[in-house]
Amino acid sequence: MIVAGVDIGSVAAKAVVIGDNNLFGSHVLPTGANCNTAAEKTLDEALKKVNATRDQLAYIMATGYGRRAINFGNGSITEITANAKGAVRLGAAAGQIKTIINVGGQDTKVITLDDTGTISNFVMNDKCAAGTGRFLEVIAKALEEDIEGFAKLSLESQAPAVINSTCTVFAESEVVSLVAENIQKKDIIAGIHKSVAKRIADMAVGAGAKEPIFFDGGGAKNIGLRTALERELGKKVFVPQMPQFTVALGAALFAWEKASAQNKAQ
Amino acid sequence: MISEFKKEGKKVFFKKNELHAGKFSDDFMFPNRYRYDMKIEASQSSYADAKTNYDRLVNKNINNLRKLPNRPPSMRYFEEVMLKKDYRQKELQEFKAKGGKIIGTFCLQAPEELIYAAGAIPIRLSCGLINAIPLAEEIMPSNTCPLAKSSVGFPHLKIDTFFNMCDAIMIPTTCDAKKKMADVMSNYSNVWTLELPQNRDHLAAREMWLGQIELFKSKIERLTGKKISRKALKDAHAKLYKRTRLVRQLLEFRKQKNIVITGRDIFLVMQSAFNDDLDRWMMYLEHLIEDLKKSVAENKSVLPPDSLRIMMTGSPTIWPTWKVVDVIEENGAAVIADDSCAGSQYFYNPAEITDYSMKSMMIGIADKYLLPTVCPVYIHNDDRVDRILEISEQFRAEGIIYHVLRLCQLMDFEFNKVNNVLKKKNMPVMKIESEYGEEDIGQLKTRIEAFVEMVKSRNSQ
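Note that the protein sequences, when read in sequence, are chains X and Z.
Start counting the first sequence at 58; every next residue gets the next number (this note's numbering).
Start counting the second sequence at 711; every next residue gets the next number (this note's numbering).
Excised from the complex, chain X in its bound form (with noise of 0.2 angstroms):
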């Protein structure tokens, strides 16, 4: 049996296939404009991977924000819960997970897991760019560096510079400033991820966080970011190998339940 989970985030499509014998496709591309067609290239190229096609799968489970526009899934459920399904299975090498950090493109979550790993609450900052992907995309541009460069640079950094804006966009016009003030650019960078780490910290004390803690979304690839947030929360996170595709592969894992249920009943 292959099923597949498709999560089509505001900034990327992602995209897991997985099936009988640890089979497991991923793909991820920028979803641009149009949801739905991201949607299909994104699973069509993770199908590629494992050699499989489209009319194989049993069960096609969408998430994401663009989730209800997808023309072509059986199911959907919020990335929310999707996450949660993705984190337990991907973390279980550190333990039960407790918390989940999630830095997305556009949004940042908290998700806090009881013992049986069930969501118990959860809390999302959608409505500033500050604390997302965007912060940092946007500092990077000005400081055109490309993301992967610019995170290796803040591990560099001796003295972080101190970024006092809130408002990613405030934030550039400083930045700037302290460029011209010569403030070496690893320091500016180390100071940005500070930043960022301090206010996803704060987040996630106050949903009342606990180890071991999960950390993913595509904003977990980046080195620097992962180790100011481990100083700013004073404990380790755990970061899968593909953080980008647990949300994808925890839609997936719902497809197969929903799969399995389905042949049960027939």
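Honestly, I wouldn't trust all of these hints.
What the hints assert, rightly or not - Here are the computed lysine-lysine pairs in the DSS-like style, where the Cα-Cα straight-line distance is at most 27 angstroms: (1) LYS1127/Z - LYS184/X; (2) LYS1004/Z - LYS811/Z; (3) LYS184/X - LYS106/X; (4) LYS255/X - LYS1141/Z; (5) LYS770/Z - LYS184/X; (6) LYS278/X - LYS106/X; (7) LYS1133/Z - LYS267/X; (8) LYS1127/Z - LYS315/X; (9) LYS1033/Z - LYS184/X; (10) LYS267/X - LYS1127/Z; (11) LYS267/X - LYS1134/Z; (12) LYS808/Z - LYS794/Z; (13) LYS777/Z - LYS795/Z; (14) LYS1155/Z - LYS98/X.
In short, the hints are calculated from the structure, not lab data.
Just so you know, these numbers come straight off a predicted model, no measurement behind them.
Fit chain Z to the known structure of chain X by using the hints.
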């Protein structure tokens, strides 16, 4: 209104012996010595956009409801009230032509017993449209809640004529925004205030409020030109008492296992009363109750019976901006309870009268509008927490959505206490902050759907 007094060329004073129990001095007109001519105008396309948007929202709300199966047929009447404002405007114009007086109101503190006893008609004024906000921002701070801004801006949009028909606008001091709104609006309308005490836990507060109600009585007697008789007040009280009984009968149907009436339909019934004829509205409410009895007997449900049972609390949801309640009821949940002043609390409380002396009736009426309300107006509001617990238990709520309009400080302040108490009772709560715009519908859908998924998953264990 104002021009009438200017024409007389003389100021209007209260004679000393007209001041009543409250012993407060307040002109018949709102004391505003620095009144000025407020130019509140917008571009031509703003007016057109406002009307288009208003109609769009109204039609969207009603069409969303019409799609649902098993809706009580009597709901058609309440839809018509919202769709056909012209009809009611015409009725009121005829009433005015015969010398009738109309009192505009906000919130739920206007003593309707006195208004009806005086032969006048109350209209609760509109404050639910986003297009009204830019107009209001010309004369009041933009850092105010959207409801207050919409209250101030709406009359200037030329969408309906209810505001212009009012002989007086009654504003209770339920929050800072309302207090200051009174001053702003006194520049172009006849504003009467009702000053609520900061704390209602002591006798002095009840006496102060009684004084405000007595003052209101003398103002409306002056406006209509005749004293309110005991009989008139007794009759008005009886009618509104009956209205309360009917409303409570209506709300009882929300306790059913089936969802025989949606939260949106309850809001529709209550908010259509803002400006409808009282007798006719009550008659159709009786029809609706009969319809619902049939729905129960025939085991009918408007939303799936396994919809998550949600209680809404917090800032009210005002027609036609029903974004939040729409998202809730279209994503696996049903609003089976609320404590909204524009919802089930509106006509909920009766005036309890011990005898029909004028004094007793006045005390009963005053207490009705002070003691049982759950607005976050007062310093101490444990009553509201009690009420939320009571309602959520009675209606078997499975989750609470705490709705806060942005900058509604009072509601926001009370959240932590409510959340803490409910958490201890294992009642899931989610805070939803929103404004009047529709840009956050996607985010709202995600949150509410996730909340429903979370609670359902917990309940299944």
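- Is the Cα-Cα distance between LYS267/X and LYS1127/Z 27 angstroms or less? holds (23 angstroms)
- Task: Could you grab the alpha-carbon distance between LYS808/Z and LYS794/Z and see if it respects the 27 angstroms cut-off?
- Result: OK: LYS808/Z and LYS794/Z at ~23 angstroms, within 27 angstroms.
- Straight-line Cα separation of LYS1004/Z and LYS811/Z no greater than 27 angstroms? violated (40 angstroms)
- Do the alpha carbons of LYS1155/Z and LYS98/X lie within 27 angstroms of each other, as the hint requires? holds (25 angstroms)
- Task: Assess, step by step, whether the Cα of LYS278/X is no farther than 27 angstroms from the Cα of LYS106/X, and give holds or violated.
- Result: Roughly 22 angstroms separates the two Cα atoms, so the pair holds.
- Verify the proposed pairing of LYS184/X with LYS106/X, using a straight-line Cα cut of 27 angstroms. With Cα atoms ~36 angstroms apart, LYS184/X and LYS106/X exceed 27 angstroms; violated.
- Message: For LYS1127/Z and LYS315/X, compute the direct alpha-carbon distance and say whether it is at most 27 angstroms.
- Response: violated (40 angstroms)
- Straight-line Cα separation of LYS1133/Z and LYS267/X no greater than 27 angstroms? holds (18 angstroms)
- Task: Given the hint that LYS777/Z pairs with LYS795/Z, test it: the Cα-Cα distance must not exceed 27 angstroms.
- Result: Roughly 23 angstroms between the alpha carbons, so the hint for LYS777/Z and LYS795/Z holds.
- Regarding the pair LYS1033/Z and LYS184/X, is the alpha-carbon distance no greater than 27 angstroms? Holds. LYS1033/Z to LYS184/X sits at ~17 angstroms (cutoff 27 angstroms).
- Item | 27 angstroms limit on alpha-carbon distance, applied to hinted pair LYS770/Z and LYS184/X | Status holds; Cα separation ~25 angstroms.
- Message: Hinted pair, alpha-carbon criterion (27 angstroms max): LYS267/X, LYS1134/Z. Please report holds or violated.
- Response: Judged against 27 angstroms, a Cα distance of about 19 angstroms means the pair holds.
Taken one by one, the earlier hints fail for this structure at numbers 2, 3 and 8, listed in ascending order.
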